[in-house]
Structures are given as C-alpha cells and as structure tokens.
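Enquirer: So you can see what is in the structure, the chains are spelled out below.
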Amino acid sequence: MAAHKRDVAIVSFAQTKHERAITEINEVEMLMPILGEALAGAGIGKDRVDFVCSGSSDYLAGQPFSFVMTLDAFGPWPPISESHVDMDGAWAVYEAWVKMQTGKVDVALIYAYGKSSPGDIRRVLTRQLDPYYLQPLWPDPIALAALQARLGLEAGTFTVEQMAEVAARSRRHAADNPYAQVQGEVDAAALLADDEYLSPLRTHDCAPVGDGAAVVVLAAGDVARELSDRPAWIRGIDHRIEAHALGVRDLRGRCPPSRRRPPPASPTGRCTWPSCTPRSPTRSCCWPGRSAWVTTRW
Amino acid sequence: MSDITLPERLQGVEPVRSIRTPARLDYVYTPGAAGSRFLREVAHKRLVGQRCPVCQKVYVPPRGSCPTDGVATEEEVELGHTGTVTSFCVVNVPFMSNLMEIPYVSALILLDGSDIPIMHLIQEVPYDEVHSGMRVEAVWVPDDEVGPTLESITHFRPNGEPDAPFESYKDNV
Chain A
0 MAAHKRDVAI VSFAQTKHER AITEINEVEM LMPILGEALA GAGIGKDRVD
50 FVCSGSSDYL AGQPFSFVMT LDAFGPWPPI SESHVDMDGA WAVYEAWVKM
100 QTGKVDVALI YAYGKSSPGD IRRVLTRQLD PYYLQPLWPD PIALAALQAR
150 LGLEAGTFTV EQMAEVAARS RRHAADNPYA QVQGEVDAAA LLADDEYLSP
200 LRTHDCAPVG DGAAVVVLAA GDVARELSDR PAWIRGIDHR IEAHALGVRD
250 LRGRCPPSRR RPPPASPTGR CTWPSCTPRS PTRSCCWPGR SAWVTTRW
Chain B
0 MSDITLPERL QGVEPVRSIR TPARLDYVYT PGAAGSRFLR EVAHKRLVGQ
50 RCPVCQKVYV PPRGSCPTDG VATEEEVELG HTGTVTSFCV VNVPFMSNLM
100 EIPYVSALIL LDGSDIPIMH LIQEVPYDEV HSGMRVEAVW VPDDEVGPTL
150 ESITHFRPNG EPDAPFESYK DNV
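First to last, the sequence lines map onto chains A and B.
Oh and the first sequence: position 40 is 39 in numbering that gives the first Met the number 0, straight run, nothing missing.
Oh and the second sequence: position 63 is 62 in numbering that gives the first Met the number 0, straight run, nothing missing.
Just so you know, these hints were derived from the structure itself, not from any lab.
Beta carbons: idealized from backbone N, C-alpha and C, even for Gly.
Hints are not guaranteed to be accurate.
Pulled from the structure, derived: some chain A residues nowhere near chain B, Cβ distances all over 12 Å [unchecked claim]:
hint	residue
1	TRP90
2	LYS114
3	PRO140
4	ALA144
5	GLN147
6	LEU150
7	ALA154
8	LEU197
Label pairs and their in silico Cβ distance ranges [unchecked claim]:
hint	chain 1	residue 1	chain 2	residue 2	range
9	B	VAL15	A	GLY183	39 to 45 Å
10	B	PRO14	A	ASP129	30 to 36 Å
11	A	SER198	B	VAL145	29 to 35 Å
Reference listing, derived: stretches of chain B covered by chain A, where coverage requires no fewer than 3 residues with Cβ under 8 Å from a Cβ of chain A [stated by the list, open to error]:
hint	segment
12	61-69
13	155-167
Bound conformation, chain A alone:
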C-alpha cells in the first residue's frame, strides 16, 4: 500500500443523459456540450488543462481509432498532452490520477463516452474474450453472467432475492439522477414477478444497453482548492480484474485466501463495492466473483 504523494480531487463534472439509443448525433456532438460544461464548472478554459485522458471502446463504435476523431470535441490545438484507454472512464481517471502523482500535471480532464446502440452489443462484447477458444463460440456477456449466477445460486452463495435487491438498490441510488437510464423506487419483489430473460437472469439483472458520455476535471492540492469551493477528494482507488480464461476464475464469488483483503472502508464496515451483497456484515468478500484484485488504500 504505497502512500500517494499528492491529493487529487474532482473539481467539476458533467454528463449527458444516458439513453437506450442516441441516434441523432455522433460521438463528437454528444461530447462537445459536456466538455464545455465541465470546463465552465471548474471556471477554466482548455488552456489550463495539463493532461487529457479519454476512455472508450472502438468495438462499440465499430470504427478503428474512433477515439482519435473524438478529440475534435476538445480541440487539441496547440498540441496537448493526451492519452486514451480502451477501457471505461474510471480507468481513464486512474491513469490521470497516476500521472498527477508524478507532479507534472496539476489539472487533468477526463472524458468517457460510448454508444452501445450501433451494433448488436451482445455479439460485440464477445470480442473481449480470448480469440482461440471462446470467441469462436460467441458467448455473450449475459450468457456468461447467467452461467455465473447459476453457479452462485446452486452453491448457495446468493439468492435470486438478493440479486433483485441489488437491482432495486441501484435504481434507488439513481433516483435523484435525471441523467440515469434506469432509476426509481422499485420493490425487489416486484422485479421478481418478471419472467426470466436468460435463466436464471431477469432483465433487472442485466446492465441496460445505453449511449452516453461523462466528463470530470481533476485537480491536485491547492489548485483543486483554487478551482472549487467543495472539491471531492479521491481517498482511494480500487481496481479489480478477472483472469482472461473463464475456466480459472472462481465464479462463485470467493476470493482466494492468499488474496483476501479487508474491504474498502465504509462507515458500516461493509464492503463498498456497489454491487456487493456480503454474506455477512463482517465478511470481506464481494459478489460477483472477484478472483484477482488489487487494492490501494491509505
């Protein structure tokens, strides 16, 4: 657990409405307004930005190097320091955070965007699997999640009621976010009244297919205090990733003993992983399976 060198905070944030399909505008047009909004929120122009990092997947757009064209939304002139991750926005934030630890960057702008609607997302996401043994079978993420859920249910790791409660809780948490695609007060029991979509999963167990974009502006130390009256300090970053081969993962949700770590701190002592349904309040284990993970805390 290496101590971090610099405090870094989110000083501004903007997002588009997330919708099932945004078909009228392209990615650049989707991003441009919220880039301006995020910069305005920090009270800065793009000349104050030392580093730009974006997260997106060309597989969603169906165009190689689509992320290069999306830079048009920022206007990278005079030449800027810039990077891209073929990952989500959280990973782009992490790269920027690491860069800020070097002391070379005081202000970073991170944007993430994606349109899942142009392709058949269940087929597209099969391409993240290994190309020799799994891709030729086209197992889509919902089918894989269903296999995992079946294992967990049969092993008694969790119940369909707990799965529905995760979905209901996520909707409740999104209730006051007008940009969220799926939101609102809903009873877990009501969700369970639906038919199964891909057994044992119901629709509420599956991520919605959505299009949208988000931007954050990060600033370090005193610069953050200068740019915001209420900077949101980043106190820890937790990243977990699965082994590539499905066969070596523990899909029932048990962390291997040698890798078991205390969960990220929270007032209740519970794991703060958003989708976690701990089997007991003190148990340091998450659902679904996380077989390899790294935690940075301080």
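For chain A, the structure is supplied; the task is to place chain B on it using the hints.
Expert: Relative to chain A, chain B alone:
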C-alpha cells in the same frame, strides 16, 4: 524449461499451426447532426460545409465541431463543385477488386470555398497527367440516382482551367 513430453497417442501427430475464426459484426452508423445535414444536401446536388466561428475555416464533410478550436460549427457554407488537386496517388493495386481498372488516381481535392480537402477519384484524364494544382470538377451520377451519399459523385475530372497557384492550396499539402 524442460521439454514437454506428449502422451504417446499424440506423439507424431501433426501440430496445429494456425486456426481460422472468422467473425462479422454489423453496425448502424450515425453520421450525426452535421453529417446528416451534409448528406441530405448531397441528395440535392449541393455540397455544404460548416464554418468555425473562431478560426473561420470551412470543413467538409462537416463533423459538427472545429477540430482545432473544439467549438460547434453551425454556419453552413455552400461550396463549389470545382476544386484543386492538392495531392494524389496512382493506385496500382486492385484494392477494389474488379470495380476499378488499374492504374487509377485517388486524390485530395480542395473544394472551392473550403479549407480541408476531400478524397475522391480523378478520371477522364491519363493517370500520368494528374498533378498537384490541377483544377477539377465533380461529375455526378444521373439526377434520378443522386442520393444522400458521396457516391452521388462518380469522380472528378479536369475542368480546363489553368493550374491553381501553389499559394492557394499551400496550407493543405
């Protein structure tokens, strides 16, 4: 690392040296607001770019933003059907299988009134006579075949004007 010993029944078996796993994904492309405007105008045989309010450059086909300034380009500018060859290449490889007879010329053409060249074909002239600065004009498909696609222009051909001075296209080479 020690040598791997195969089970007896696999010894002498021809190793797998490669596999083929073809994949195909279909996408619906969204040109966006700016691109849609452009393509709808093409269907009426009009070429319409968009001007950056900051640097005044005119982009075609427009993508809705100025890639230099990062601001929305909203003012529309109708462009001529003539332009200047800024650069070109003679294609000697049958990329398009039998659709094009090789050699053929693919060129960057700076449409009059715009600040960024588009790519298109140069025909109706021997390939070894194409040169930078050559003035060309668009050749459209028959009116009843014009649609919201750049294929509505089959190619460009020399329009007989004298070569454009280098100064007029020096920022695009």
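Enquirer: The output says PRO140(A) does not contact chain B. Does that hold with a beta carbon cutoff of 12 Å?
Expert: holds, 15 Å
Enquirer: Is it true that the C-beta distance of SER198(A) to VAL145(B) lies inside 29 to 35 Å, as the hint says?
Expert: Violated - the Cβ-Cβ distance for SER198(A) and VAL145(B), about 51 Å, lies outside 29 to 35 Å.
Enquirer: Is the gap between the beta carbons of VAL15(B) and GLY183(A) within 39 to 45 Å?
Expert: Given a distance of about 53 Å, which is not inside 39 to 45 Å, the answer is violated.
Enquirer: Examine each Cβ of chain B, and state whether all of them lie more than 12 Å from the Cβ of TRP90(A).
Expert: holds, 23 Å
Enquirer: Within 30 to 36 Å: is that where the Cβ-Cβ distance between PRO14(B) and ASP129(A) falls?
Expert: violated, 19 Å
Enquirer: Counting residues of the segment 61-69 of chain B that have a beta-carbon nearer than 8 Å to any beta-carbon of chain A, does the count reach 3?
Expert: holds (count 8)
Enquirer: When you look at the beta carbon of ALA144(A), is every beta carbon of chain B farther off than 12 Å?
Expert: holds, 20 Å
Enquirer: Does LEU197(A) really sit off the interface, with its C-beta more than 12 Å from all C-beta atoms of chain B?
Expert: holds, 20 Å
Enquirer: Quick one: work out the minimum CB distance from ALA154(A) to chain B and report holds if it exceeds 12 Å, violated otherwise.
Expert: Correct as stated: the minimum Cβ-Cβ distance to chain B is 32 Å, above 12 Å.
Enquirer: Please confirm whether LYS114(A) is truly not at the interface, meaning its C-beta sits more than 12 Å away from all C-beta atoms of chain B.
Expert: Nearest chain B Cβ is 7 Å from LYS114(A), so the label is violated.
Enquirer: State whether the coverage of the segment 155-167 of chain B by chain A holds or is violated, taking the criterion as 3 or more residues with Cβ-Cβ distances under 8 Å.
Expert: Since 0 is below three, the answer is violated.
Enquirer: Quick check for students: does the CB of LEU150(A) sit more than 12 Å from each CB in chain B?
Expert: holds, 27 Å
Hints 2, 9, 10, 11 and 13, counting from the list given before, are not met by this structure.
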